[in-house]
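Trainee: For reference, the chains in residue letters:
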Amino acid sequence: MTSHEWQEQAAPYALGILSAEERRAFEAHLAGCAACRADVRAFAEVAGALAHAAPSAEPPQSLRDRVLAEAQRVRPIHVGIARRARLPWLAAAAALLLAVAGAVAAWRLTGRVHRLEDRIAVLDSIMAADDSALALLTGPDVNVVSLAGTDRQPSARVVWNRARNRFVVLAFDLPAAPPGRTYQLWAIAKGRSPMSMGTFNTDAHGRARVLLPVDQQIAALGFVDNCGLTQEPSGGSPQPTETPRLLGAWRRTD
Amino acid sequence: MATLPNAPVPDSQLVSRMAAGEDAALGDLYDRYGRTVYALALAIVREPADAEEVVVDAFGQAWRRAASFDAARGSVGAWLATIARTRALDTLRARGRRARAHERAALLSDEGIAAPIAATGSDPARAVERSEARRLVSQALAALSGPQRIAIELAYFEGLSQSEIAERLSEPLGTIKTRIRAGMEKLRGLLGPLVEGAA
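Chains A and B are the protein sequences, given in the same order.
Everything in the first sequence is counted per numbering that gives the first Met the number 0, starting at 0 for the first residue and increasing by one.
Everything in the second sequence is counted per numbering that gives the first Met the number 0, starting at 0 for the first residue and increasing by one.
Treat the hints as calculated values from the structure; they're not laboratory data.
Some hints could be false.
Stated by the list, open to error - Computed spacing ranges between beta-carbons, pair by pair: (1) A:1 <-> B:181: 11 to 21 Å; (2) B:141 <-> A:180: 54 to 64 Å; (3) B:171 <-> A:242: 21 to 31 Å; (4) B:93 <-> A:165: 18 to 28 Å.
Stated by the list, open to error - Sample of chain B residues with no beta-carbon within 12 Å of chain A, all distances over it, derived: (5) 9; (6) 11; (7) 83; (8) 88; (9) 171.
Quantities reported herein were computed from a predicted structural model and do not represent experimental measurements.
No residue lacks a Cβ here, since even glycine has one placed at the ideal position from N, Cα and C.
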């Protein structure tokens, strides 16, 4: 590429819309090109300013408390310690490269460290979510039902955590309901009409992990015999409009 | 996002205090940027509950990674906006693109996503600064050609790659690349007052 062609990448790079391949090539170029680094910086500020183009919206008062509560839970990463502890090979590589290539390598490596830190942060949040999911899935007052189709797949598992008054729904290989449709779960007790447990949909991979509050009527019964899954119009139906696609009997776990 | 001109403490100093573990500095940062970050998150994810999650995550990440903030690489506002936008787009992708068909339709209308300016909020001085930033950005976007603005908004608020934008708009990739580049160049010129000295 000519230097002019490289410069054309600065704006889309700052917007984060280059393909992975283009991004890697451009970052390699950035290491040795101060002009492009300056462009990226300027366009990153433009991108930052675009946040002001979002329609005005008032966050709830409680959000500030949640942000601060999160800070109470997690202490800031202290760069020296955290990077050494988490990424010993990277720190070693950084030292070596810094010695060899000086500022050029530092620029590239800082980018890599930031990306890796981002990934760590994402993994941290996934782990935190898993922790709370695990807390919901275990305990003395938990019931579970496995729902299976006739041909083994798709499948779903629903956990009823009474202490927290939540259903935890885990679905696998269940193709996402088409637009305008949703999946709905039903609590089926002998001698009663099915009671809605709530609606959800699966992602592009056919998976779902959702929490549904337990309806008072179901909570009052304390136990139901079966659990069924149907596909309904968006928003759910008062009563199932089709034979359950998945069905299972509740059992107690431990 | 720009630095607030009348802020008693520079943004970068707040971030240093956060790195030292000072919760109050995080509270101050939230007071400065919470509304803007929330509005940005909401514009991307469209669901208030998801937007709140994004805000908590974004400030949480800023808090944890405060020590790695490097003023030489850009302003605190741009740093926060990048973190929040990345989180919001992750949420959006995780939720799947299918459900957003109607939102796309809205984006592609003449009106676009940029909103009229509104200045409300508890702190009048902040509200005025925010409102000024919004006015500048809104004016700058209005100065772009319609196709330039739409391409940039699809990139920014939907996180679409250039080829995805080309596909969405049924235009050649080269055309889209040119539009985004020209539009961003123009914004860079027009937003000079807002982003200058933002480090």
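Trainee: None of the hints should be skipped; say for each whether it holds.
Mentor: Evaluation of the provided hints:
A C-beta distance of roughly 18 Å is found between residue 1 of chain A and residue 181 of chain B, which places it inside the suggested range of 11 to 21 Å. One distance hint, 54 to 64 Å for the beta-carbon pair residue 141 of chain B and residue 180 of chain A, is violated here, with the actual separation near 39 Å. In this structure the supplied range 21 to 31 Å is violated for residue 171 of chain B paired with residue 242 of chain A, their Cβ-Cβ distance being about 49 Å. Checking the proposed 18 to 28 Å range against residue 93 of chain B and residue 165 of chain A shows it holds: the Cβ atoms sit about 21 Å from each other.
Once the 12 Å rule is applied to beta carbons, residue 9 of chain B is consistent with being away from chain A; the minimum gap is 16 Å. The Cβ of residue 11 of chain B sits about 14 Å from the closest Cβ of chain A, beyond the 12 Å cut-off, so the non-interface label holds. Its beta-carbon lying about 8 Å from the closest one in chain A, residue 83 of chain B breaks the requirement of being farther than 12 Å from that chain. Residue 88 of chain B, annotated as away from the interface, has a beta carbon of chain A within 12 Å; the closest lies near 8 Å.
Every Cβ of chain A is farther than 12 Å from the Cβ of residue 171 of chain B; the closest lies at roughly 16 Å, confirming the non-interface assignment.
Of the numbered hints given earlier, the model fails hints 2, 3, 7 and 8; all others are met.
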